[in-house]
Each structure stands twice: as structure tokens, then as C-alpha cells.
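Asks: Work out the full structure: start from the sequences and follow the hints.
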Amino acid sequence: MSALITRPLALLGATVLAALATVGRVTRFALDAFRHIITPPFYGREFWHALVHVGYLSLPVVGLTAIFTGGALALQIYAGGSRFSAEQVVPQIVALGVVRELGPVMVGLMMAARVTSSIAAEIATMKVTEQIDALVTLSTDPMKYLTAPRVFAGLVTVPVLVAVGDTIGVFGGWFVSTQSLGFNPATYLQNTVDFLEPPDVISSLVKGAAFGVIATLMGCYFGMHSGRGAQGVGRATKSSVVAAAVLILAANFVLTQAFFST
Amino acid sequence: MIELKNVHKAFGAKQILRGVDLSVAKGESCVIIGGSGTGKSVTLKCILGLIRPDQGQIKVAGEDVTATGDRDAFLARFGMLFQGAALFDSLPVWQNVAFRLLRGSLKRPRAEAKEIAIAKLRRVGLGPDVADLFPAELSGGMQKRVGLARAIAADPEIIFFDEPTTGLDPIMAGVINELIREIVVEMGATAVTITHDMSSVRAIADKVAMLHGGKIRWHGPVAEMDAAHDPYLTQFITGSPDGPIETLR
Ligand SMILES: Nc1ncnc2c1ncn2[C@@H]1O[C@H](COP(=O)(O)OP(=O)(O)OP(=O)(O)O)[C@@H](O)[C@H]1O
Ligand SMILES: [Mg+2]
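The listed protein sequences derive, respectively, from chains A and B. Position one of the first sequence corresponds to residue 1 (UniProt numbering), numbered consecutively onward. Position one of the second sequence corresponds to residue 1 (UniProt numbering), numbered consecutively onward.
There are no misleading hints in this set.
The following residues of chain B were derived to be distant from chain A, with all beta-carbon distances above 12 Å:
| # | residue |
| --- | --- |
| 1 | Lys5 |
| 2 | Pro109 |
| 3 | Ile116 |
A few chain B residues that face chain A, going by a derived Cβ cut-off under 7 Å, partial list only:
| # | residue |
| --- | --- |
| 4 | Leu50 |
| 5 | Leu75 |
| 6 | Phe99 |
| 7 | Gly104 |
Just so you know, these hints were derived from the structure itself, not from any lab. In this text, a Cβ means the ideal position worked out from N, Cα and C, and glycines have one as well.
Replies: Encoded structure:
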């Protein structure tokens, strides 16, 4: 009888403890990464490589997701608004929705899919083939050489990607609205610009920076802590993407709360 | 130069090292032999501090390995050839070889680093055309030799070779044996080599240590190896399937 009660409790306790330990390890890992970002030596080549990989090469996928999301949003708001004859709010709501929420979140999730997975798989493979050990024996700190450039690249490029995504998302809404919903192109843009406030844009970019750090950090963390063999690489990649996606959505909620709850 | 005292290491419930005692003098070439999976590679990684032993003490030049303050300076004295070569596949061959010369305390101009890399590649029997290839474009034996070139690139005082001749043809194996011997004799480096190849043992070693059952089963000068009356060692040298070492058939 008592085992019936204690066993689930013990299981719950063990799970909570394991989760807390992971949170602790990830936090230490993050602090370590930032310490390496701000202390020399700096690996310029690695940083440049990460900039191209994280930022530049992500532009197509960011553009595509943003334009379709913005377009769909315009259609929904028009359909929803017309129920109480408020169709004319399309430009304002599209701008608000894209800039405050959908832009950063879509970019963040695309980063988890594209960047986190590839970082985790690359670093895990390096770990499994002893390349990380080799780095250490060559007097190079893997945190400095592999993690710091990637996380820093995430911090600086993802806000730019979010800005691009926001712009293209708004354009997607504009395109659908002017082409099939009968809005005047110039008035639509005027309404958008008039409606957006500086905090909307700032929150968007801050979210981008946070999500960029989360996406790159999770890839590095799970790659560095990969198990052995091909199975270890697979598991590290999967866990990194799941962790990045969940953390990005959670961080989004927290940041929205911080910026907009009055 | 290198001293291990009572080193223990277990992975989970699997006890690998059960009290390894080994000392290698400065300028000496020590070869570690022993069955597959007895923990030879793990022993080298413990000395480098890549794996933390559960118990015991490891000293390099009188300094405790686990307690060194400046790890970079400590590791700058070492060169290591990994069993799987462990080349960085995002970098071309010459940048792998010259890795240490392109950053950190030993940094020098790129052109000079490349020149040194090409010279080191030549020493392991690889031409300059290999320098700009990527590791994935090389055969296993070639990768091994690039790993070797990387290990000796910065002329370290202490060099570890984990199976330097496995996967090489007999002639190339002979070239590599000679190279290792040269490095020890000419440069006065201290070398620890792991190998399964008995002809390589005879060519490289001053001293032989056999690892079995998590301990150093036998050690002594290479000249005394054949006359030794240790049934485990004798079985290993002759490669006989019958003897005290279990083969599980
Ligand atoms: N990081 C690790 N995690 C778990 N087990 C490990 C790890 N590294 C080594 N082992 C285990 O330790 C044992 C000894 O491994 P090691 O690589 O030292 O063998 P070895 O003597 O070098 O063998 P070989 O001659 O085949 O290379 C093996 O059973 C291996 O599975
Ligand atoms: Mg081995």
C-alpha cells in the first residue's frame, strides 16, 4: 500500500531533480559561453563562418515563411473582421501580429529547425570522432573555438533576420490585401507605419536576439554532451531541436509579458 | 617524465583500469601492448587529462595532471595521434597539420605555417598535393599519417601515438617506425606508443609495458621481452590462441 504511494512520488522526485540538474548545467554552459565571447583569444574565421551559416544562409527560409504567414494572417483578419464589419483594421492587426509575435516566433522556430539541428549534429559528430579531444590536446578550448563564435553569431544575426522577416511578413499581408481584398496600396502602407510604435519594433528585435542565443546555445550544448556512436549523434540532434523550440516559445511568452503587460 | 601511480578508471559498472603503475623516463620510447579493449587508449587519455581517473595519481615532469593551472601551456608540450586520426573535417589537410601553428602561443604567419605543414607531411610520406585536400578525400591510412604529421608539427617534448601503423602497408609501416625512432633519438622526445604490431614494437621500443586485467602485467626493456617467463606476455608475443588470455570461442 505504501509502495503504491511512495513509488510514484519517488519517480516524480527523481524526474524533478534530473530536470533541475539539467537546468543548472545548461545555465553554467551559457555563462561559460558568454565568458568566452568577451575574453580573448577570438577566433575571427570561426565567427565569420558562423555569421554566414546562421545568418546569411537562413535568409531564404525566413523570407518564405514570413511572406506566407503574413498573407494568411491578412486573409484571416479580413474574414474575422468582416463578421462585425471591421475589415479595415487589416493593416494594423497584420503589422501588430507580425512584428510583435509571428515574425520573431517564426524566425526562432526556423532557427531551431535549421541552425540548432545542424550545429548539434556537427559538434556531436566531432565529439564522437574524438575531434573535440583533439582540439583540447592542441591547446584550443572547444567552448571558445566552437561554442562562442556560434552563440555570438546567433546573438547578432537573428535580430537582423527578424527585422527582415517582419518586413517581408508585412509585405505578404500588403500583397494579399491589395491584390485580392481591394485595399489601396499606399493607404495600407501609411496605416501600417502610423500604427507601429517603437516598443513594437524593439521588442521584436530583443526577442530575435534571445531566440538566436537559445537556438545556437542548445545546438552547442547537446552536441558537446552527445552520447557515443551514430545513435548518440541522432539523440543529441533531436533533443537539441526539441529543447530549442520549447525554450523559444517559453521565452517568447516571458518577453511578451515583460514588454506588453501593463 | 611521466608517472602513473595506482590509476583506476571505470565507465559505469565496467572497471577498465584497476591500478596502473607506469613510469616513462625523459627521452625514452615506451610501447604499451595489450589485448583489444584493455584500456590502452583510456590510459593515454588519462595522462592528457581528457579522462579523469577515479583514483590514483598521474604526474608529468613532477606536476600533477589534474591540478595544473595553465592547461594550454601544459598541453602545448604534448603531441597526440588519436587511434581514429580525429582530423578536423571542416579544414583542409595542411590546416589540420598546422593547427597549433595558426593560433595560440605558437602562432606564426600563414605562409610559414603552411611550409612547415608540407615539410611534416613529407616526413610521413605524403606529397604537397595532399595539403589542399580535405580529410574526407583521403584513405584511412593517409588520414592516419596526416594525424601523425599533426602530432609532430610543433615539435613537442612528449608524443603519444595510438596505433600509428594500423591500416598502413608494410613499407609505410616501416617508414613510420623509423620516423618515430628518429623523433626520439634526434629530438630527444619522450614517446609513448600503443601498437598491436610486434615488429613495430621491436623497431620503436626502449621499454615495453603490457596492460592486462586493468594493470601493467609486465614491463621491462625490449631486449628482455622474449626471454621473459610471463605466460601472458609470451602468448601475446607469439599470437597463440592457447594460453592464459581468454579468447572466448
Ligand atoms: N568514453 C567512454 N565511455 C564509456 N566506455 C568507454 C569510453 N572510452 C572507452 N570505453 C571503454 O573502455 C574500454 C577500453 O577502451 P580503450 O579504447 O582504452 O581500449 P584499447 O585498449 O585502446 O583497445 P584497442 O586496442 O581495441 O584500441 C572499452 O571496453 C571501451 O568500451
Ligand atoms: Mg585503443
